[in-house]
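Enquirer: Which chain is which? The protein sequence lines are A and B, in order. Position 6, counted from 1, in the first sequence is what my numbering calls 6; the numbers after and before it change by one each time, with no gaps. For my numbering, count along the second sequence from 1 and bump the result up by 292.
Just so you know, the hints here were simulated from the structure itself, not pulled from any lab data. Incorrect hints may have been included.
Claimed, not checked - Take a look, some chain B residues computed to stay more than 12 Å from chain A by CB distance: (1) I311; (2) S324; (3) G339; (4) I435; (5) M465; (6) L490; (7) P499; (8) L535; (9) L577; (10) L631.
Stated by the list, open to error - No farther apart than 20 Å at their CA atoms in a straight line, the calculated lysine to aspartate or glutamate pairs in the EDC-like style are these: (11) A/K81 x B/E351; (12) A/K145 x A/E98; (13) A/K205 x B/D479; (14) A/K101 x B/D479; (15) A/K113 x B/D479; (16) A/K145 x A/E108.
We put the CB at the ideal spot given by N, CA and C, even for glycine.
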Amino acid sequence: MRMKTLLVCAGVLVSQMAVADALPQRWVSAGGAFSEWVVALGGEGRLVGVDSTSQHPQTLRSLPSVGYQRALAAEGILALKPDILVGSTEMGPPPVLEQLKAAGVRIEMLSAKADVAALQHNLTELGQLLGKQTEAQAQTAGYLKRLQAQADWVKQAQKQHPPPRVLMLLSHSGGNLQVAGKDTLAAWMIEQAGGTSLGEHNGYKPVSNEAMLALDPQVIIFAGGRLEGDAARAALLQQNPILAQTRAGRDGRVLVIDPTLLVGGLGPRVPDALSRLCAAFYPDVKTAGISQ
Amino acid sequence: MTAIFRPRPTLIFLGLLLILVFWLSLALGPVSLPLSDTLLAGLRLLGLPLDVGDTQQAELILGQIRLPRSLLGISVGSVLALSGVAMQGLFRNPLADPGLVGVSGGAALGAAIAIVGGSLLGGLPPAVEPYLLSVCAFAGGLIVTAVVYRFGRKNGQTDVATMLLAGVAMTAMAGAGVGLFTYLADDATLRTLTFWNLGSLNGASYPRLWPLLIVAVGVALWLPRRAAALNAMLLGESEARHLGFNIERIKLELVFCTALGVGAAVAAAGLIGFIGLVVPHLMRLLVGPDHRVLLPASLLAGASLLLLADLAARLLLAPAELPIGIVTALIGAPFFLYLLVRGRS
């Protein structure tokens, strides 16, 4: 009897090892959104290192940090004995990636672009690598469904109200405010939630107080700092009194979001954030149907 | 200023120190290899037909990661220190550093153009990209230095004071150019630029190493031949001329060596401050102002200091890495202050 149990155990072990052999077991993720997806697909236990942008969920912060994604160190990463390194196409420097490849580490570059096609591709890829294809499919389908529901809701809302003019401000620990312009995840999110992004430049750029006043946003979204919610809002208006003079400031329509949302492409938390944006952009429209 | 130590034992000591630090740099890293593996892998890399178990990983880490990195460190450190001696000799000013003739500023501008311009153009063919940065940085350094040198020329003579001021002005202009590109850059590019400005030996590979190694050997062979002229220039330019040295030619050679050496070093490893300023100064405190000793001593000490700084850079935050410029300043500055205070009392 005991012998039989042992044999069965051994059999199970062997078959699991066979599957495990094919799939990378030790992961290093160099990209905030990718790390989040790995966690969401149930692969947190396989992560042995993350980059400095992988700040969410909190538990990732206790993993060894491999530094900034564009300044990776070959030997440091090899010390973690990873099977695979996942990161965005901006990951580098290239010679380090070459060295890692030579050492037998699989390099998987995914797009950090804020668009649905990239997301679908990334999730399929991660699902395969984690051996969680079905979960990845389910997550993708759910995600797309939510985005679609939000888009429909926004279309309805825009029949009754004009889209609000929105300014997204980014601040790094009390430094100068930067305004999100075109080609950013921030702009994508504003448009997706039915607002009009006011940043006309590319990327994130500092904008003068006077220009911000002239843009006169109806809604301000603030990402940054360690503070959250009301405290962050109060600090923002206190440090930049001019913002209180904009329409958003006068109407109290200042929304605070987590800056880690904006790093590394579409992450799992984006739909929730979009729901909040929708609700803030169209406060008079019933929010049933957008927040799942 | 007199020497604290006699030249010959000091040079021997510095040579042994460099060998020790080089060995440490090969033996230590975030991946902890057993010493025996390192030794065996090293012997195999030297071509000994040893057949001893599985040293593949050790060979890879030693041969492809640590060895090019250490050699790069030695080249960069020695070239920066030698150029520092050349500049301090040329300007007869202990505060001179290789950046003074504009080479660092020009290289930074070249790098900014390559990093930001490349991304503005929407990416370059991958075959060109890794070399573009090095080539632009090198060219930027040479061009700005040539302009600075040209400003210093008048009636067939080079006025060192004018050249110094022109260097300051050109560095400021290059800084403005870098600032402009910083403004144009997107977030990701901006951080690449910031990291580049702090220097790193990370990602050292043989293709990146060879050009610098050749330049470093050239500079290291050439500059000591000018030790006597540099000594004479300590007395003053006209005195040196009366001693029979072709001063104009020497000046050109010193500027050229610096532009070439620092340009190549910066192209390979980014801006690494402090070595060029402090190592020559330090060595002057230790072995005295005689360039026949000062040049080799600075070469050895510059290489050792840079390798030590790199060890700290890759070990302190492992598996991540500190930019080496931070470490060179953190190690060098307090030591320098200590020597200053000690020298005064």
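Enquirer: For which of the previously enumerated hints does the structure constitute a violation, in increasing order of number?
Expert: 2, 6, 7, 12, 14 and 16
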